[in-house]
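Please take these sequences and the hints and turn them into a complete structure.
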Amino acid sequence: MSDRNESDRLQQESTFQRLIRRPEAGSFAVMFVVLVLIAFASNGNAMNALGIKNNLSIISQFGIIATGAALLMIAGEFDLSIGSMIGFAGMSMAMMLKWGLPFGLGEATPFSAFFITLAMTLALGWLIGTIVVRSGLSSFIVSLGFLFGLRGVTEVTFRLINQSTQISGLQDFKEESFFARLFGGESFGWFYDLAFAMGFNLNRRGEQWVTGLDARVVWWILVVLIAYIILSRTQIGNWIYATGDNKESARANGVPVNRVKVGLFMTTAFCATIFAACQVFDTNTADAAKGNLKELEAIAIAVVGGILMTGGFGSIIGVAFGAVTFGLVANAVFYIPWIDGSFYRVFVGAVLLAAVFANERIRKRITGGI
Amino acid sequence: MAEPYVRLENIVKRFGPFTALNGVNLDVHSGEVHALLGDNGAGKSTLIKIMSGVHAPTEGTIYVEGKPAVFTSPRDATAAGIGTVYQDLAINPLMSVTRNFFMGRELYKGPHGLGLMKMDEMNEIAHDEMLKIGIDISDPTQAVGTMSGGQRQTLAIARAIHFGAKVLILDEPTSALGQKQQMGVLKTIKKVRKRGDIAVIFITHNEIHSQLVADRYTFLALGQVIGAGKKDELEHNEIRRLMAGGAEMRDLEQELADI
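If you read the sequences in order, they're chains A and B. Residue numbering for the first sequence follows this note's numbering, beginning at 15 and increasing consecutively. Residue numbering for the second sequence follows this note's numbering, beginning at 121 and increasing consecutively.
Derived from the structure by calculation, the hints contain no laboratory data. Hints should not be assumed to be uniformly reliable.
To be verified - Between beta-carbon pairs, the in silico distance windows are:
| hint | chain 1 | residue 1 | chain 2 | residue 2 | range |
| --- | --- | --- | --- | --- | --- |
| 1 | B | S258 | A | R379 | 13 to 23 Å |
| 2 | B | S258 | A | W140 | 38 to 48 Å |
| 3 | B | D256 | A | D207 | 53 to 63 Å |
| 4 | A | R32 | B | K238 | 17 to 27 Å |
| 5 | B | S258 | A | P351 | 54 to 64 Å |
Quick reminder that beta carbons are idealized off the backbone N, C-alpha and C, glycines included.
Structure below.
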């Protein structure tokens, strides 16, 4: 009896037990099931050369904004302005590319259009974050204000300068601008070339079918990688967890809680801007309605990825699995002809609820049922 | 007699018209456990908040190692070696032992903020520091939420000591714990005392607990010191009498019997 201590009561687990208890485990399982189901139901079409490209396109879009949303949620806050920020950033870039830089500063290049827009969106992210930490109001309400406000500003600006809430037929900047190609161009061409050389990736005439993935796939991978390293390995990562878990005790230990939060609101704004830049330079269009409801999808993906609604816990890799799941299901209608596209929303609703229950169980297990 | 590490002299604290502390003296010596006892509202919390830099005293002086010190923030007090372990412990249940231990003071290489944490080194230090004062956690990466109240207390104490506390203020560390865990915390206090270089201020309601570990007592009632002294100078009954805020225990018994 006496040589027993409390730590003995913590059961030593096998590697497999540890693996299935990781926060990513649930979202990996869901992703795996969805992947297999869609591959079979589409007779493999969803996983052929073009299918992979199209799926990864939307997966990356989801993934980029969900990663930003997830970091912020781990720190205990929400950003409902992501969708409107996408619309705003897209408008800003397209407008400069079409009508020139503001204040008559001359023609815009993709480079200047992007960085001026980024400066504005980062400033907006800073503003949202600062209002949240200074006022102590719920970020839900503050960012909801920006959801409406920013969308309105986007539409008004469009009509004032452009007379229409759409811009289409911009010059194809990625033809000559390397910078535009970074967002709207292609990536992983070597992979498709290799597949072609090995006898896959053929169209009906036996030529190379798909030339590469979207450039945004690289952005997604970069965003996930950087976010993963920051969250799990760096000092700031520890501050993010501490801020979301219990901000008073974090503050008592010297964690700069407010700066962490403001920085993460700027991160979500950054992710929204990348999302918009990829869209603008890929399609050479912009629309005031772009990004609508994306903030809610980003939050849903984060939750399915194992992020707790209450903050303080979660994994970026899990969110990446969540983005794959959502992207596959959102695209399923294109590969499975007999399915109704609105089943995507049914799926989102059901998976979201299941994920919240699962996450709540995880939280209770860790905190001992409190 | 050795110089006390911290000496409070004639501390007065008023909140508007309300006098929370009215001329309190307190000597805290390294290597001793100083029990601070008193009923609810006696001024214990105000006193520790003054020592930990949360409140500034209205009058009176704090001496640290014989030199007058002014604390304008908790950070000043921490820098002067006064570590406070509050009842909520300032611990995050979802985070691992190591991450809690180094929260806000991570070891890293590279730039501040974005520097990579030295996880292995931090795991080792957290484990060793907790082992020194009594518990051997098998896995420093386990979430604090899985630990018992006593273990969490140990974590908070080990953390304060590791980051340079010379005076450890423990705010009712045994309340809200089960019997066995209370004993664990008392053992921890003894182990800290044994190091010899740390003074412990042990705030409690529990007379028995203070008897078990304390070297020196200060009793507060209504903002004043009503009794103080070393353990061997105070009779057991005297302690009990003072614990009841100075009222005779027998009177209280009589009153209770009359109801």
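Practice prompt. Quick one: which hint numbers does this structure break? Sort them smallest to largest.
Written response: none
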